Amino acid sequence: MLHLEQVSKQFDGLPALTQVSFAVPAGQLTAIIGPNGAGKSTLINAICGQLRPDSGAIRFAGRNMAGQPPQLRPHLGIQRTFQNLRLFPQLSLVDNVLTGLTCEAGRSLLMALLRPPYLRHRERQLRLRALAALDRFGLTDKADWPAGVLAYGDKKRLELARATVSNPRLLLLDEPVAGLNAVESAAVADQLRQLRRAGQTLVLVEHDMALVMDLADQVVVLDSGRCIACGPPAAIRRNPLVLEAYLGNLEATA
Amino acid sequence: MSGRARLLYFVRLHRCGLAVTLFAAGLLLTPLLLTNPYHLGLTNQVALFALVVLGLNLFVGFAGQISLGHAAFFGLGAYGSAIATVRYGLPAWPALLLVAALVALVALLLGLVVLRLEGHYLAMATLGFNLVLHSVLLEWDSLTGGPSGFYGIAPLQLGSFVFDSEARLHYLLWSLCLLALLLSLNLVRSGVGRGLAALAGDPVAAAALGVAVGPAKIRVFVLSAVYAAVGGSLFAHSYGFISPDSFDIFASTDLVIMVVIGGMGSLWGSLLGAAFISLLPEWIDLFETWKDFVHGGLLVLILLFLPQGLVRGLSETLRRRTALKQRQQVSGHAAS
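Order-wise, the sequence lines are chains A and B.
Counting from 1, position 254 in the first sequence corresponds to residue 243 in the working numbering; the numbering is continuous, with no gaps.
To convert a position in the second sequence, counted from 1, into the working numbering, add 12.
Hint data in this document are derived by calculation from the structure and do not stem from the laboratory.
It is possible that part of the hints are untrue.
Unchecked claim - Footprint (simulated), chain A over chain B, 3 or more residues, beta carbon under 8 Å: (1) 51 to 65; (2) 152 to 162; (3) 218 to 229.
Said to hold, decoys possible - Covered by chain B, per the in silico footprint, the following chain A stretches (three or more residues, Cβ under 8 Å): (4) 84 to 93; (5) 96 to 103.
Unchecked claim - Pulled from the structure, derived: some chain A residues nowhere near chain B, Cβ distances all over 12 Å: (6) R48; (7) L139; (8) A171; (9) D212.
Model, not experiment: these values are computed from the prediction.
A virtual CB, placed ideally from N, CA and C, is assigned to each residue, including glycine.
Please put together the full structure from these sequences, using the hints given.
Structural data, given as structure tokens:
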């Protein structure tokens, strides 16, 4: 579904990504892992359009979107969450979720000003879907609260509700359990498992090894901007290159 | 559902429409209660400024941008209508539409350049635009009448009905102001409006959700300029006389102060802000003499103590309090 082909990016001559290639199969959960500074953030920013790769292609459903602006992604059916939460604290929960339906809400300024009956009807439909999404994540009773007053765990769930309300074809999650305690991250893992079971294609960037090994169908390991391994969790666990990247060169220290 | 609950639900569901209806009914009756033409003249002035402030609030309050140059669009509308009707003899209503379209074009060209900027830089750029326009109005005597102003602009009329008294102007100006309010209320409850709120809150997240940030800013800038231009045209026809000083940079800052006092992102607040600043000098003479100090002082006080403005600030504080209280109750139950 998502294909990266030889994606490279340098910052002032320092290579951040070097010829990274892998494919994300539909209906599976692909996890991207790697030590700090391995290029995970650069990679997800390239996929999301925040930065333009120097070379290589990022194909989604056959279309190369490398270097295309970020606002194109949701129109193609790609939604994401952010590592450090990017909610709109002044807006209510339901309005926050409604921003996840921007692509379906209509873009005409004139129609928005005139609010003809069809738009009124569509707004009502979108609102019902937003409320249903809040319900899936157990936030219904807080629908009218401003998002800023939520506790951290609720904010994480709200961002998930916003990212999933449009039924995206591909969902990118940037460290979804960062900053959560064990109970909360188990709950998020549960929700991811449910999404995965419902056939949602997921890409997960995550530090938490246990979570990744538990959930992923496929793991991509980055080290110093290179893709050093790609495969099912069981194989990754035994891969000497991966062990070396995470634990250092065992033979050299022995 | 009991009758009472059903009524409450109806009110809640249609609160926006009900508020507008009530407001319109009040305005319909105002000339019957307020028989002094001087007082009606004041509320007419409020309507004119409210029209401009509503547009500016979409750009400043909702989209989170800044413009210290909206008096320039206001002035372009006023001088545009004056020049088109007096110098070129065009009929007033088509001239108003033509001028609005031309101002939209000016705003589009300006927006394409200056909306790449943000914050202080955007404020400076729009301020510069206003300074330039003010100089042009002052210096281009042959077209604008220069510093002594532009006289003899005919009042608007519909058929043979001439809007030449304060009471007649009341209905014209407030009808158009209400129309602007309705259109703005529609906009902010739409997907486009949520996109603006999103880009004000966090441009990166807005883009990731599908908002084309650059074009969205330009469109709302053009829209707010059109509001200002229509306000300006009406201003020129209502008073029959305009001079460059109504459209200098201090007029622009006053417009922003009206937005801030009423509340960034509160459309009803815009009406209140316009009324507050327009009527202030009427209550106390001191405010007329020391106008700039008073306006500056008010701005500082509001930003310090009610940064979201009068309407929004108070209602939001209330909403937050209830939400926090509910949250405490919920966790209290969970603990017990």
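Comparing the hints with the structure gives:
no.	hint	in the structure
1	51 to 65	violated (count 0)
2	152 to 162	violated (count 0)
3	218 to 229	holds (count 8)
4	84 to 93	holds (count 8)
5	96 to 103	holds (count 7)
6	R48	holds, 19 Å
7	L139	violated, 9 Å
8	A171	holds, 18 Å
9	D212	holds, 27 Å
Consistency note: the structure conflicts with the earlier hints numbered 1, 2 and 7.
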